[in-house]
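Trainee: Start counting the sequence shown at 0; every next residue gets the next number (numbering that gives the first Met the number 0).
Among the clues, some could well be false.
Claimed, not checked - Per label pair, the in silico range of CB-to-CB distance:
no.: 1; residue 1: Ala74; residue 2: Glu10; range: 36 to 42 Å
no.: 2; residue 1: Tyr56; residue 2: Arg110; range: 22 to 28 Å
no.: 3; residue 1: Glu18; residue 2: Gly59; range: 41 to 47 Å
no.: 4; residue 1: Asp29; residue 2: Tyr107; range: 36 to 42 Å
no.: 5; residue 1: Arg60; residue 2: Val118; range: 30 to 36 Å
no.: 6; residue 1: Asp17; residue 2: Pro91; range: 31 to 37 Å
Keep in mind that the hints were calculated from the coordinates and are not lab data.
All C-beta atoms in this analysis are idealised placements derived from N, C-alpha and C, irrespective of residue type, glycine included.
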Amino acid sequence: MSETSTDPVTEFVESVADERRRAEARELRDMLERSSGLPARLWNGGIVGVGDLHYRYASGREGDTFVVGFAPRAAAITLYGLFPSYRPEEEPLLEELGPHRLGKGCLYVTRLDRIDRGVLERLVAKAAKHAAESTPGSG
0 MSETSTDPVT EFVESVADER RRAEARELRD MLERSSGLPA RLWNGGIVGV GDLHYRYASG
60 REGDTFVVGF APRAAAITLY GLFPSYRPEE EPLLEELGPH RLGKGCLYVT RLDRIDRGVL
120 ERLVAKAAKH AAESTPGSG
């Protein structure tokens, strides 16, 4: 008999319609938690993220977000927070990752089985470490 989860992250991951994408979301949740040492939480109803990060722009606008996160979208998995400098093209690990696309601060992967998961895990750990070192109270 299966039990119903009261964990919003688990409920979200298990609600992903596509079976492969659901399995990828499970794997990514575990990877983010393991690589960062932080528990996953559901953000904005559709992003699984780890850690807490307060930001403030020069304009005075500020808010709270996660350190590293992902969204299991139909077309691709979107990963957020991997590039603290917002210059992903400067990240040498991307050459080893495998097929991906870059957006403004985002990494898009169509299938986890086509990329080097070890490289992705290193990117997550690197981003989490950077956030912990540069942002008081992050994590």
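Trainee: Indicate, hint by hint, whether the structure satisfies it.
Mentor: Hints versus structure:
Between Ala74 and Glu10 the beta carbons are some 23 Å apart, a value that contradicts the proposed interval 36 to 42 Å. Distance hint check: the CB atoms of Tyr56 and Arg110 are about 35 Å apart, inconsistent with the given range 22 to 28 Å. Against the hinted window of 41 to 47 Å, the Cβ-Cβ separation of Glu18 and Gly59 comes to about 45 Å, which satisfies the hint. About 20 Å separates the C-beta atoms of Asp29 and Tyr107, a value inconsistent with the hinted range of 36 to 42 Å.
Checking the proposed 30 to 36 Å range against Arg60 and Val118 shows it holds: the Cβ atoms sit about 33 Å from each other. In this structure the supplied range 31 to 37 Å holds for Asp17 paired with Pro91, their Cβ-Cβ distance being about 32 Å.
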